[in-house]
Amino acid sequence: MKGKIKRISALGWGGIILAGISLSIPIFPGWQSFLDIGLANPWRIANSIATILAIDIFSEGVPGDAIHTKARITALLSILFFYILGPGLMILFGLKEETKAEDGSNKLSVTMIGFMAGLVITISSLVTLTIETISMSAVHENSRISAKKSAVTDEVRQNLATLASESYEYWVLPEEHGGGSRSFEGLNLDQLPAYRDLNGTYSFAGTPSDTMLSITGSGLPEFTGGEDSSRVSVTVQVRPPDDIIRWEDSR
Amino acid sequence: MKRIGWILGGMILAAIAFFIPERSGYIWAPVISAVGIAGLFLLGLVVYIIRNGKSQFDRVFGIGIIVLLAGATIYSGVFNYQKAGWQLDLLMDIRATIEKGISQAQSTEPLLLSLEAYHNQDGSNRKAIEAVFLERNGEKIRTINGFNRFIPHDETEEHDSPYLYYAEAVSSDSVVLVAQSMRIPGRDPGFPNYNGANGYMQFKATLTEGGLNYERQN
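Protein chains in written order, with our numbering: chain A, 426 to 676; chain B, 26 to 243.
Worth flagging that the hints you see were computed from the coordinates, not collected in a lab. Wrong hints could be hidden among the right ones.
[To be verified] Keeping only pairs whose Cα atoms sit at most 25 Å apart, straight-line, the calculated SDA-like set for lysine to any residue is: (1) B:229 x B:240; (2) B:125 x B:194; (3) B:125 x A:483; (4) B:125 x A:485; (5) A:427 x A:551; (6) B:165 x A:667; (7) A:429 x B:30; (8) A:521 x B:165; (9) A:573 x B:125; (10) A:521 x B:125; (11) B:125 x A:571; (12) A:429 x B:229; (13) A:495 x B:64; (14) A:521 x A:439; (15) B:125 x A:617; (16) A:429 x B:119.
[What the hints assert, rightly or not] So the derived label-pair ranges between C-beta atoms look like this: (17) B:68 x A:439: 42 to 52 Å; (18) B:238 x A:608: 20 to 30 Å; (19) A:672 x B:165: 20 to 30 Å; (20) B:212 x A:569: 24 to 34 Å; (21) B:27 x A:433: 20 to 30 Å; (22) B:26 x A:477: 35 to 45 Å; (23) A:439 x B:185: 51 to 61 Å; (24) B:31 x A:427: 21 to 31 Å; (25) A:620 x B:64: 53 to 63 Å; (26) B:196 x A:608: 26 to 36 Å.
All residues carry an ideal CB built from backbone N, CA and C; glycine is no exception.
Produce the complete structure using the sequences and hints provided.
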């Protein structure tokens, strides 16, 4: 194998590396579609199909029955190329004794071509599996942060909806039932049963009046390390008798 | 020719390993199964290198490439598998949050507005709380498949989960609405749901003249 590696010129190595990378990353537009083998990371393909099924479950309750034939065939071809054809050609032909061409010329032998093809595919597999996954990890981390922030916002909104409903109930109920007899005056958060068990920080915005109550809720996603700029804040208004929940702009 | 035969044999075995669990429709099994066979092929190559390598360079270079490939495979495989699980969990959490919000909004709003109307009645000729509720919401109750479904005004009969049910109250002094998810599991898989199913998330809103009690049942 050492002899074959030495036989490849600097220009040859450049071509092999470029070909390997271009099989993984579409450097030349149309190259992969021309071959239509669509070599790609089989794990990412499996992840993509699993994501489609998850979206089906989200929207329909059950996974869809689409087979995703092309994606599955691409996954299989990629496994065969990346793990068997590439390393197989590289090792089996790389270690094979090379016989000189009968006419003594320096033409590439089948063994040498097989070894170089193996190198191209193996480089392609290493690039696809590592660089693509590293770049996806960065994107995934951003998605996780965004999802955590959304989850905190959703929880605060849900809690505010509960507090708004209980405040409205307080406004409606007469004094003999523990209510405010069509007024929010005298109401404080401790009187609302749900308040004790809620995550986040909640307060009345302004002074409760006969006709309107504003409640502000805020929460801090756990990833922020306490940075207040990441705090999510939502405000809801209760305007009886018709509006139980009216959302204001949130951040 | 023998070498081509080994490669073709490895490819055929990996393809068979891919297509056997493929019939199950679960995508990870075919990929893991085929990569498993490919791993055995790579292990065979390592043995071949140890036996036939002509120099230390051959062994270090050949085995090094295979180790790199194995490492990259584990890294990428674990990352993508975990990411797919995370995405499914996230989507189900989002769905659960949406259904909780819909359940609460669609069941408590008509009840609270009825409570307001009930306590705002004149002193004479006061109606019971159930009558007040039915007067305001009677047309939203439809019998579907033997159950009294509560269909909010902006929904059709084919509306999505959660389903709201108008439960027959024990007396005219109360009104009960049950909101049941048709797809989000609740806390107890054996919980008997209102529509006869088991284990789905369910909320119950009970209105009396003393106020509204909204609770999660499962």
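Now for the hints, and whether the structure bears them out:
1. Distance check on the hinted pair: residue 229 (chain B) and residue 240 (chain B) sit about 5 Å apart at the alpha-carbon level, within 25 Å; holds.
2. Of the pairs offered as hints, the one joining residue 125 (chain B) and residue 194 (chain B) holds, with about 23 Å between alpha carbons and a cut-off of 25 Å not exceeded.
3. Taking the CA atoms of residue 125 (chain B) and residue 483 (chain A), the gap is about 15 Å. The hint holds against a cut of 25 Å.
4. With a CA separation close to 17 Å, the supplied pair residue 125 (chain B) and residue 485 (chain A) stays within the 25 Å bound.
5. This hinted pair checks out: residue 427 (chain A) and residue 551 (chain A) have alpha carbons roughly 21 Å apart, not beyond 25 Å.
6. With a C-alpha separation of about 19 Å, the suggested pair residue 165 (chain B) and residue 667 (chain A) falls inside the 25 Å cut-off, and the hint holds.
7. Distance hint between residue 429 (chain A) and residue 30 (chain B) is fulfilled; the C-alpha atoms sit about 22 Å from each other, no more than 25 Å.
8. A distance of roughly 81 Å separates the Cα atoms of residue 521 (chain A) and residue 165 (chain B); the hinted pair therefore is violated under the 25 Å criterion.
9. About 18 Å separates the Cα atoms of residue 573 (chain A) and residue 125 (chain B), which keeps this hinted pair within 25 Å; it holds.
10. Taking the CA atoms of residue 521 (chain A) and residue 125 (chain B), the gap is about 66 Å. The hint is violated against a cut of 25 Å.
11. Restraint check for residue 125 (chain B) and residue 571 (chain A): the C-alpha separation of about 21 Å stays at or below 25 Å, so the hint holds.
12. Proximity of residue 429 (chain A) to residue 229 (chain B) is assessed by CA-CA distance (about 76 Å); at most 25 Å being required, the pair is judged violated.
13. For the proposed pair residue 495 (chain A) and residue 64 (chain B), the alpha carbon gap of about 24 Å is at most 25 Å, so the pair holds.
14. With a CA separation close to 24 Å, the supplied pair residue 521 (chain A) and residue 439 (chain A) stays within the 25 Å bound.
15. As the CA atoms of residue 125 (chain B) and residue 617 (chain A) are separated by approximately 20 Å, the hinted pair is consistent with the 25 Å bound.
16. A C-alpha spacing of about 56 Å is found between residue 429 (chain A) and residue 119 (chain B), which places the hinted pair above 25 Å, so the restraint is violated.
17. Between residue 68 (chain B) and residue 439 (chain A) the C-beta distance comes to about 32 Å, which lies outside the given range of 42 to 52 Å.
18. A beta carbon spacing of about 23 Å between residue 238 (chain B) and residue 608 (chain A) agrees with the range 20 to 30 Å that was offered as a hint.
19. At about 24 Å, the beta-carbon gap between residue 672 (chain A) and residue 165 (chain B) stays in the expected band of 20 to 30 Å.
20. For residue 212 (chain B) paired with residue 569 (chain A), a C-beta distance near 26 Å keeps the hint of 24 to 34 Å intact.
21. Range check, residue 27 (chain B) to residue 433 (chain A): Cβ separation about 25 Å, and the 20 to 30 Å hint holds.
22. The beta-carbon spacing between residue 26 (chain B) and residue 477 (chain A), approximately 43 Å, falls within the hinted interval of 35 to 45 Å.
23. At roughly 57 Å, the beta-carbon separation of residue 439 (chain A) and residue 185 (chain B) lies within the given 51 to 61 Å, and the hint holds.
24. Between residue 31 (chain B) and residue 427 (chain A), the C-beta spacing of about 22 Å keeps the proposed range 21 to 31 Å intact.
25. Range check, residue 620 (chain A) to residue 64 (chain B): about 57 Å between beta-carbon atoms, so the 53 to 63 Å window is met.
26. The hinted window of 26 to 36 Å between residue 196 (chain B) and residue 608 (chain A) holds, with their beta carbons roughly 30 Å apart.
Consistency note: the structure conflicts with the earlier hints numbered 8, 10, 12, 16, 17.
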